[in-house]
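Just so you know, we're using the UniProt record's numbering here: the sequence shown kicks off at 1 and counts up by one.
Simulated from the structure, these hints should not be mistaken for lab results. Hints are supplied without guarantee of correctness; some may be wrong.
Calculated cross-link-like contacts (lysine-lysine; reagent style DSS-like; alpha-carbon spacing at most 27 Å) [to be verified]:
hint, residue 1, residue 2
1, K118, K267
2, K170, K286
3, K228, K263
Note that the structure is predicted; figures quoted are calculated from it, not measured.
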Amino acid sequence: MSVPKKFRGKITGSDVRLVKVFCTIVECGGFAAAEPVLQVGLPAISRCVSDLEVRTGVTVCRRGKAGFALTEQGLRLYDYGKRLLLDIERFEQEISSLNAEVSGTLRLAVVDALITDKSFRLTEVINNFCTLYPDVILNLSSKTTEEVEAGVINDEFDVGIIFKRRTIDKIEYKFLHSEVNHLYCALGHELFDKPPASSGDLQPQKYNFCGYDLKGATRLPEIVKSFKQKAIVENMELAATLIGSSCYLGFLPTHYVDSLWRKNDYKKILPSEIQFINSIEMITLKGQASQLVQKFLLCMQE
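Whenever a hint applies, use it, and build me the whole structure from the sequences.
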């Protein structure tokens, strides 16, 4: 077996293979978790990482009883590697498209009220996608998370963007960004002028709560489950409307509240204690991505 030489500025096919293995290990969270994905044994995986470390001249990860952890150089290499693999994939897609015009309809469903989030890049992604593929027709829908999931499974939508609340076997998930939600009241509610000093001073059973159905909630702070849910809403605008009536408490993301003309009439309640994080994710039907969908996914990953 030949010993790999230290990298001198030229990438080989073997380097690309090592980078693919390394990126898969990182995304799976460790060597053992990557084994069924890579379909090779642990010794072969370990050898690939060792070869990569020889080629790059840096230690990319720590492994052992303490578990798998990236070094600072390993984190940077992962970032470089993902860009390399995406560039290669884009090159392959563009070469494939030289002999064929890309056309058709892309059906995209998105949950509401993400446009006010500066981390949400859909507008620039659409700009890039439409520039590359001007003959494609976009069919956009605004739906609830449950409707988007069902639509992707039933082939009503090609791509969805949701607040991830569960994992469905038939669906492929891609993390986009996180969104912090705080508990809000509005001007006229008794907590607006007299906020509790701590969660221990808050009497949840005393207040009406509005929001998504709490029966399916898994990430909400425990205290919220003691609120009286007097209103169930399907979207953020309706939640903001009910909270704004001063009759209800409810969760909203700060970026959304900041976009309201009445934003000063809304107040966070115990923001350092009561909050939860939404995971904004892109979904497709597992194993069913068409060439058109793959091109859109590449634009999302750039």
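Structure-based check of all given hints:
Proximity of K118 to K267 is assessed by CA-CA distance (about 21 Å); at most 27 Å being required, the pair is judged to hold. Simply put, K170 and K286 have alpha-carbon atoms about 6 Å apart, close enough for the 27 Å limit, and the pair holds. With a CA separation close to 25 Å, the supplied pair K228 and K263 stays within the 27 Å bound.
Violation of the numbered hints given earlier is absent; every hint is satisfied by the structure.
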